Amino acid sequence: MLPAATHRVWSEIATGKRPIRSDNLALNLLVKSNHMSFERDPSQANVLQLAAKTYKFFVQYEKFFASEFDKILA
Amino acid sequence: MLATVNSTLLSIAEVASAIAAGESLFLAGSHEALRQLPQGNWVGGTIPYFMTEEGGLVSEDRIFVTKVPEIALDAKVADYGPDNLADLYRDAPANGFTFLVLPAATEVHKTFAERAQSYEGFLLRPVVGWIAGVRVDRIGKEASAVFNGRTGKSFDTRGVALHVALPANKVVNLKIVNIFESGGGNLIRFEEAGFRVSKCLVDGKPANLAEYIAGNGIATEFPLVGDYNGSTINVSFQAVDAAAGTVDLYAPVFPGVDYHFAKPVEDYAAAFGKAIAVEEDRPTFACNCILNFLYGKLEGKTTGPITGPITFGEIAHMLLNQTMAQLYLLDVG
Chain L
1 MLPAATHRVW SEIATGKRPI RSDNLALNLL VKSNHMSFER DPSQANVLQL
51 AAKTYKFFVQ YEKFFASEFD KILA
Chain P
1 MLATVNSTLL SIAEVASAIA AGESLFLAGS HEALRQLPQG NWVGGTIPYF
51 MTEEGGLVSE DRIFVTKVPE IALDAKVADY GPDNLADLYR DAPANGFTFL
101 VLPAATEVHK TFAERAQSYE GFLLRPVVGW IAGVRVDRIG KEASAVFNGR
151 TGKSFDTRGV ALHVALPANK VVNLKIVNIF ESGGGNLIRF EEAGFRVSKC
201 LVDGKPANLA EYIAGNGIAT EFPLVGDYNG STINVSFQAV DAAAGTVDLY
251 APVFPGVDYH FAKPVEDYAA AFGKAIAVEE DRPTFACNCI LNFLYGKLEG
301 KTTGPITGPI TFGEIAHMLL NQTMAQLYLL DVG
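Protein chains in written order, with my numbering: chain L, 1 to 74; chain P, 1 to 333.
Next comes chain L alone, as it looks inside the complex (with noise of 0.2 Å):
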């Protein structure tokens, strides 16, 4: 079960400040995409959207990153 899209961790994926560590391609994509967002603009605003993005990845693939939750999102 997937936090709400309000929850904390969202926007800690998306500002780097939950590091995440996987070989899947389009999770690393995201971060880094994420990443190069935030430092070019760390808004609030921008956070917010992060979140929102990093989110809909996570509820788009929630089955095939079942097993990896846990440690995704210890």
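Please note that the accuracy of each hint is not assured.
List of simulated lysine-lysine pairs, BS3-like, C-alpha gap at most 25 Å [as the list claims (entries may be wrong)]:
| no. | chain 1 | residue 1 | chain 2 | residue 2 |
| --- | --- | --- | --- | --- |
| 1 | L | LYS56 | P | LYS170 |
| 2 | P | LYS67 | L | LYS71 |
| 3 | P | LYS175 | L | LYS56 |
| 4 | P | LYS67 | P | LYS205 |
| 5 | P | LYS153 | L | LYS71 |
| 6 | P | LYS175 | L | LYS63 |
| 7 | L | LYS53 | P | LYS170 |
| 8 | P | LYS67 | P | LYS175 |
Just so you have them, the derived chain P footprint on chain L, three or more residues with Cβ under 8 Å [stated by the list, open to error]:
| no. | segment |
| --- | --- |
| 9 | 11-24 |
| 10 | 27-35 |
Please keep in mind that the hints were generated in silico from the structure rather than gathered at the bench.
Please read all numbers here as calculations on a predicted model, not as lab measurements.
Where is the CB? At the ideal position from N, CA and C, for every residue including glycine.
Since the structure of chain L is already known, use the hints to place chain P on it.
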């Protein structure tokens, strides 16, 4: 675990029969071969280089065919120019993937490479495919092209896509096989995105990349490798003009990415064989890079059991260089 693998090199007549039978196909072949095909639910791009189970080969009268898996719910053909490329993601199914082929060295190729990451739906709508090309001895004399089989039209300025919808119990996983890794050494960064660069930062200090390459005797058959949170994304060298101080690349570099020059690879065939050996399944689709074929002298050499076109750029979500891109369809219960 894995959907049916159905990728193979066929004669023009065999492909025409499959089209007539109503198959949805993703094709790679010479312009002469593709232009002979009847209209139907297919897209294709020009390329005469292939990796087969017998090894790398060049053929202008056979076509590499990837059949859309039978489990697919739908497969829709579309074409896109630089003006409406963002629609690629809007048109893609909520669960599925998009095969995409773009003509080399065109505005649509450049637009995808530089902007895909900014489009709504990037990563959520998986895009896999390649950049069309021509025989290397015809570069500059002949344009690469893509074909929309539905309309029978070919383009040298637009890309074609096959949007494939999948049932809810399937998930797409795009993977890459990259035989290159960072060679260590200086950290290279860029302040602007682009296919042509001059200025860079070497360990944080301003420098000219062309001068740095010339001054350090760097072999440019090996790419720059960018670190994307642990995934290694290559950017290959097209030309270094030391006099003009410019470097032309086959994919753009981006600010915010840490780059290093790759560690040299001596035996490409062995390196691919080793990397592929760890794969448990065969992908539904794969393609590999023409630079690996040329620099690695892969004609006649096998790189493991994976087959597919050898291309002028690979796509797995984003544009890649000197990389094998792979599409896997997995069961998720």
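Please name the hints from earlier in the document that this structure breaks, with their numbers sorted from lowest to highest. 2, 4 and 5
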